[in-house]
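Visitor: This is what each chain is made of:
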Amino acid sequence: MLSVSDLTKVFGGFTAVSNIAFEVKEGEILGLIGPNGSGKSTTFNLISGALAPTRGSIRFGGEDIAGLPANRIAHRGIARTFQIPRPFRRLSILDNVALAAFYGHAEHPAREKAYAYAREVLKLVNLPSDPAARVDGLGAAGLKKLELARALATGPKLLLADESLGGLDESEMNQAADMLAAIRKERGITIIWVEHIMGVLMRVVDRCIVLDYGEVIAEGRPDEVAHDPKVIEVYLGTDAADVQKTVADRAT
Amino acid sequence: MKWAALVVLALAPLAGMGNYPLHLLIMCLLWGFVYTSWAIMGRLGMVSLGHGAFLGIGAYVVVLLWNHAGISPWLGTPIALVLTAVVAFVIGYPCFRFKIVGHYFALVTLALTEVARLVIVALRDQTGGSLGATPNTALADSAWSLGALQFSSKLIWFYIILVAWLAGLWIWGRVDRSMTRLALEAISQEEDAAASVGMNVTRLKLGVTLLSALMTCFGGVLYAQYQLYVNPETVSGIGISLQIVFGAIVGGMFVRLGPTVGAAITLLLAEVLRLAIGHDVHGLDTTIYGLMLVLFIIFMPKGILGAILEALEKRRAAKTAAATA
Ligand SMILES: Nc1ncnc2c1ncn2[C@@H]1O[C@H](COP(=O)(O)OP(=O)(O)O)[C@@H](O)[C@H]1O
Ligand SMILES: [Mg+2]
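Protein sequence lines correspond, in order, to chains A and B.
For the first sequence, my numbering assigns the number 410 to the initial residue and increments by one for each residue that follows.
For the second sequence, my numbering assigns the number 1200 to the initial residue and increments by one for each residue that follows.
No lab work stands behind these hints: they were computed from the structure.
Careful, some of the hints might be misleading.
[Stated by the list, open to error] Partial chain B-side listing against chain A, Cβ under 8 Å, derived:
(1) Gly1301
(2) His1302
(3) Asp1375
[Said to hold, decoys possible] Among the chain A residues that face chain B by a calculated CB cut under 7 Å, a handful are:
(4) Asn480
(5) Gly486
(6) Arg489
(7) Gln492
(8) Asp504
(9) Tyr512
(10) Tyr524
(11) Thr563
The beta-carbon is built from N, C-alpha and C at its ideal position, and this holds for glycine as well.
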């Protein structure tokens, strides 16, 4: 469904993403992990059109989308969340999501339809769809859900979820992971999920790609990746043991 | 209530209003229309200091075409509108495409309005330079000429401008209820997120900019034809652009009648200043505008009408809360 090759982004003299290549198959959840600053968000910015690649190709559904503007890529069926939530703060929660439902489709639906769809999506992520509910009242978990709801409202085929677990506590993390799993299962949406920690992500993803200094250093099933010496080195062995346990638990 | 107020306004001049009060009322509606036009985009985070340019194009193009080519304002107006659209596009497209927002957008548009003024002054052989220009009169042997859009009766002008002002308020309402307004608010808050959910940021911004610029240009046409005199200082340049922004913000750019209230206030202020200080202290009014603008932006960002309506809303909410308790 998505095929990235030779993708490179240079900021000034600094190469944030260097010749990366990977494929995403329809219906899978792909984990994209790597330490902070390894180029994960930049990769998302390139795929979603927020940044134009310095070089390389991004093919989605057989067509090259590299360098298209963000709004056109959204219409093609790729939605993204932002690592640091970027809600429309002075609009209601419902308006935030309804705008995505309206503008996210190249043929704008009728307004009532966009609002109805927004309510449905808000229900899915457990946020209030009452027009009086404001963004100000949301905590970290609520803002993450709003990011997700807004992305889903555009009706994507591929969802790019950037650090959906950042700032969440243990139980919220598990909830968020389950939510992504449910989105894939019930809506058939393909997902690329970025985290800088392996943790719960390894419980849910089908396959994993590991980035370090803008390069792909490992790729494979969660159990393979968790035992890869290069990956263990990058993570300084810190949570490798935990992750290996998570992966083992999953198998049973 | 709303309609009753409108009927009173529409009939007021018939009740033997003096010429001077009628003139003030007309100016109030005319500037109310122009400030409303500005606020349609200004309230959405696009603070343009360039509206003097659009006003100037409207005023001068129609007068110059009439004086030098005998082209009727009925044809001159569409020509001025097309020219305005071109200028708004040429300035707006690069700004929006390359994400020039906030102060930088204000500065770029400020340059535009000064360029417009300098062009008018520089083409003094055609425009009369800083002395201004008067449309050749078509009223030599009749009280009015529809073809030349000249009327000696203030009453006719009152009704023409009343209709324009009402149309401006109607357009405001249409924009206010549209998805486009919500989208532009979203864009003013988080432009990248807005683009990521499918909004064509450049097109949405250009759309509302064109609307605002075209309305302002039309205001310029009406101004020139009513006053039968145009001057680079009064229809273009920093002074008038600042006055538009000042009026809209002071009145309240987030409520429909705010810009009109702002127009009434600026007019009164200008009259008072004129009576108190006279014409001599050139530039003083601009200084005072600038100073008051800063004070308002800091202490009353919603403007006078905005603040009043908010206070009323609070009181009503408190009352209903007390009633239900
Ligand atoms: N717009 C930008 N301009 C310059 N450098 C950037 C920009 N965006 C990211 N970077 C740099 O690129 C590197 C990768 O960043 P990022 O993709 O955000 O990493 P990650 O999401 O994996 O933590 C970092 O060193 C970051 O400072
Ligand atoms: Mg990141």
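Visitor: For every hint, state whether the structure bears it out.
Guide: Structure-based check of each hint:
The beta carbon of Gly1301/B comes no nearer than 16 Å to any beta carbon in chain A, farther than 8 Å, and the hint placing it at the interface is violated. Hint status for His1302/B: violated, given a least beta-carbon distance of 20 Å to chain A, over 8 Å. Hint status for Asp1375/B relative to chain A: violated, with the closest Cβ pair at about 14 Å, above 8 Å. Using the Cβ-Cβ criterion of 7 Å, the hint placing Asn480/A at the interface with chain B is satisfied: the shortest such distance is roughly 5 Å.
At a threshold of 7 Å, the smallest CB-CB gap from Gly486/A to chain B is about 10 Å, leaving the interface hint violated. The closest approach between the C-beta of Arg489/A and any C-beta of chain B is roughly 6 Å, which is under the 7 Å cut-off, so the hint is satisfied. The interface hint given for Gln492/A is violated, since its Cβ lies 12 Å from the closest Cβ of chain B, which is over the 7 Å cut-off. Residue-level restraint check for Asp504/A holds (minimum Cβ-Cβ distance to chain B is 6 Å; threshold 7 Å).
Residue-level restraint check for Tyr512/A holds (minimum Cβ-Cβ distance to chain B is 4 Å; threshold 7 Å). The restraint placing Tyr524/A at the interface with chain B is violated, with a minimum CB-CB distance near 10 Å, outside the 7 Å limit. Annotation: Thr563/A was flagged as interfacial toward chain B, and the flag holds, the nearest CB pair being 5 Å apart, inside 7 Å.
In summary, the structure is inconsistent with hints 1, 2, 3, 5, 7 and 10 from the numbered list given earlier, while agreeing with the others.
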